[in-house]
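Q: Listed below, chain by chain, are the residues.
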Amino acid sequence: MMQSLIKLRGVRTVFGTKVVHDGLNLTVNKGEIYGLIGPSGCGKTTVLREMVMLQDISDGEIEVLGHNLNTISISDAQKLRSEWGVLFQAGALFSSLNIKENISLPLKEYSDLSQKMIDEIVEFKINLVGLKSSDALLYPSEISGGMKKKSALARALAMDPKLLFLDEPTSGLDPISARDFDALILKLRDLLGLSIVMVSHDLQSIYATLDRVAIIDEKKIIYEGDLKNIKNSTNKFIQTFFRRDFEQ
Amino acid sequence: MTIYKKKIDKIKLFGVKEVDFTLDDVVYFDTAAAIFINSLREEFFQQNIKTTIITSNKDIVEALELVEKTKQKSQPLPQELKSTSLEHIGEIFYNYYSGFFSFMLFLGKVFLTTLSYLTSIKNIRYKEIFFEMNESAIKALGIIALTSFLIGLVIAYQSAYQLKIYGANIFIVDMLGISIFRELAPLMTAIVIAGRSGSAFTAQIGAMKITEELDAMRTMGFDPYLFLVLPRIIALMITMPLLIFVSDIMGLLGGIIVSYLDLGISVSLFIERLNEAVAPKHFYIGLIKGPFFAFLIASIGVYRGLMVKNDTQSIGFNTTKSVVESIFAVIVCDALFSIIFTNLGI
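So the sequence lines, in the order shown, correspond to chains U and H. With the numbering used here applied, the first sequence covers 529 to 776. With the numbering used here applied, the second sequence covers 9 to 354.
Hints are computed from structural coordinates only; laboratory data are not their basis. Don't take each hint at face value.
Among the chain U residues that face chain H by a calculated CB cut under 10 Å, a handful are [unchecked claim]: (1) 637; (2) 639; (3) 651; (4) 719.
Simulated DEER-style distance windows between Cβ atoms [said to hold, decoys possible]: (5) U:543 to H:102: 45 to 53 Å; (6) H:226 to U:633: 47 to 55 Å; (7) H:83 to U:543: 41 to 49 Å; (8) U:537 to H:82: 43 to 51 Å; (9) H:84 to U:729: 34 to 42 Å; (10) U:729 to H:226: 24 to 32 Å; (11) U:714 to H:10: 33 to 41 Å; (12) U:532 to H:86: 41 to 49 Å; (13) U:543 to H:66: 41 to 49 Å; (14) H:86 to U:739: 32 to 40 Å; (15) U:582 to H:19: 22 to 30 Å; (16) U:729 to H:76: 35 to 43 Å.
Note that beta-carbon positions come from the ideal geometry of N, C-alpha and C, so glycine has one too.
Use the sequences and the hints to build the structure in full.
A: So, in structure tokens, the structure goes:
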């Protein structure tokens, strides 16, 4: 029996009068890379935001690492936030801090490590995500989009989270960087034992990294499971989206 | 880990040839722990002490390997350059120096854009100008009316007490008329507008710069000076005298109320005395200051907006600077006017 880390049960989201989701059910298991896929505007990012407590749900239940987000206490929520890492679409690095300070911020705030130790951890994380140590003192406005993504990933990994949320990690990257990023995510999953939830549009990345996917369309989950059986689906979105085959 | 490091440092390792790390009882092991152990091993290695890891846990071995491999590939973090206080002072002065030139450059561009306005009447962005007039002046009428009314009230009330002692009640009209028309109304209006519209200009244009909207405009051939800068400056220059006029009226209204209640001067007597004692030139001088103050406030506000760099802190920094500098510039300008008008005998 696989251990489930995230469970959504009957989640309903309403913005004003517009119903975005109506009764979403999905389960993310331990150790897997789980993808949220769907057409633009179907609310993939919204689901991700709901999982990390940035967005309230109108109805239903979300359980993350054993905590029900509807009834979670403030202190439990704070603890939960230190157990996951989130990578935002545009990186969302703090623009007034350089890369090193961005990565060391959670370590400084939440641990009692010495400055020397923090520096060593920062050096390790910077090199782990494929940046160079010499980039450490650059500010977010001085680096490229790909470097921003990598730095943001290093920040998300700073506290060694069990769970990683990625919002379109390969968007805005060139194909080579995007494939490197895929390889990096797979490597990190194996080495650090991460579970990853990601929103993606990038078919190559979807085939290369994802273990299981949830496809959201028309306010519902229209498919949940692995990618092997997906082409048998009759849904119009799935057929158009997966028509091109990258499996080879 | 700091505590462990201290404990380890206390152990005397003289003559020790071999150290074993027994990690069999470890419950939780993350990369930070692996880094710690790795750096300890490096330290021992330099002292010619042999180290062995004893563990049956595969995850720990993998984590240690990962840390070691990454460490071998990576260079140490670069040191942050610390500047001396002399360099710091030099930097401050250089910033003022280059800031002055970039403001001159800005004024030059504003002037050039104005010239292009003059070549053809079609170039004038009426819609933007009227929009800005509404945003930064018409919507500010309420707050300007209220502050001017209260200032008039307070000044009248304070001086009524003094004038009563000498029985010079009627002179309150002279005092209020001249001080409000010449100085108080223009200054109060300028300060409110600097705080309200100057800061708004900086924040709007600064945010547009961060989101690259300004660059988008440039590539589409919409000159930001034509579309954003000049409409704001012109709108404020047109509306400022009107705002000062409102401020004049409201300030006097406050004065009239206090004169009536406190000094027993009727409204008709007040107005009659105002006609006699206060020459119209005082009123006009106040209004003339309007466009000058407006130009300073709007150009500093917009200039500060354009100076915003690509990070969020600089919006706050430049907005603060914008308000402080424009109020300061208005006061300096007012002082210059005082000297000029006095020498001209007006």
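Q: Please go over all the hints and tell whether each is borne out by the structure.
A: Outcome of the hint check:
Interface hint status for residue 637 (chain U): violated, as the beta-carbon distance to the closest one in chain H is roughly 15 Å, over 10 Å. The closest approach between the C-beta of residue 639 (chain U) and any C-beta of chain H is roughly 8 Å, which is under the 10 Å cut-off, so the hint is satisfied. For the restraint placing residue 651 (chain U) at the interface with chain H, the shortest Cβ-Cβ distance is roughly 5 Å, inside the 10 Å limit, so the hint holds. Taking 10 Å as the C-beta cut-off, the interface hint given for residue 719 (chain U) holds, the closest approach to chain H being about 5 Å.
With their beta carbons about 50 Å apart, residue 543 (chain U) and residue 102 (chain H) fall inside the hinted range of 45 to 53 Å. Taken as a hint, the range 47 to 55 Å is violated for the pair residue 226 (chain H) and residue 633 (chain U), whose Cβ atoms sit roughly 35 Å apart. A hinted range of 41 to 49 Å holds for the C-beta pair residue 83 (chain H) and residue 543 (chain U), which are about 48 Å apart. At roughly 44 Å, the beta carbons of residue 537 (chain U) and residue 82 (chain H) sit within the given window of 43 to 51 Å.
Between residue 84 (chain H) and residue 729 (chain U) the beta carbons are some 38 Å apart, a value that agrees with the proposed interval 34 to 42 Å. The hinted range of 24 to 32 Å is satisfied by residue 729 (chain U) and residue 226 (chain H), whose Cβ atoms lie roughly 30 Å apart. Checked against the hint of 33 to 41 Å, the pair residue 714 (chain U) and residue 10 (chain H) passes, with Cβ atoms roughly 34 Å apart. In this structure the supplied range 41 to 49 Å holds for residue 532 (chain U) paired with residue 86 (chain H), their Cβ-Cβ distance being about 44 Å.
Between residue 543 (chain U) and residue 66 (chain H), the C-beta spacing of about 47 Å keeps the proposed range 41 to 49 Å intact. Remark: the range hint 32 to 40 Å for residue 86 (chain H) to residue 739 (chain U) is upheld by a beta-carbon distance near 39 Å. A C-beta distance of roughly 48 Å is found between residue 582 (chain U) and residue 19 (chain H), which places it outside the suggested range of 22 to 30 Å. The hint said 35 to 43 Å for the Cβ distance between residue 729 (chain U) and residue 76 (chain H), and at roughly 37 Å that hint holds.
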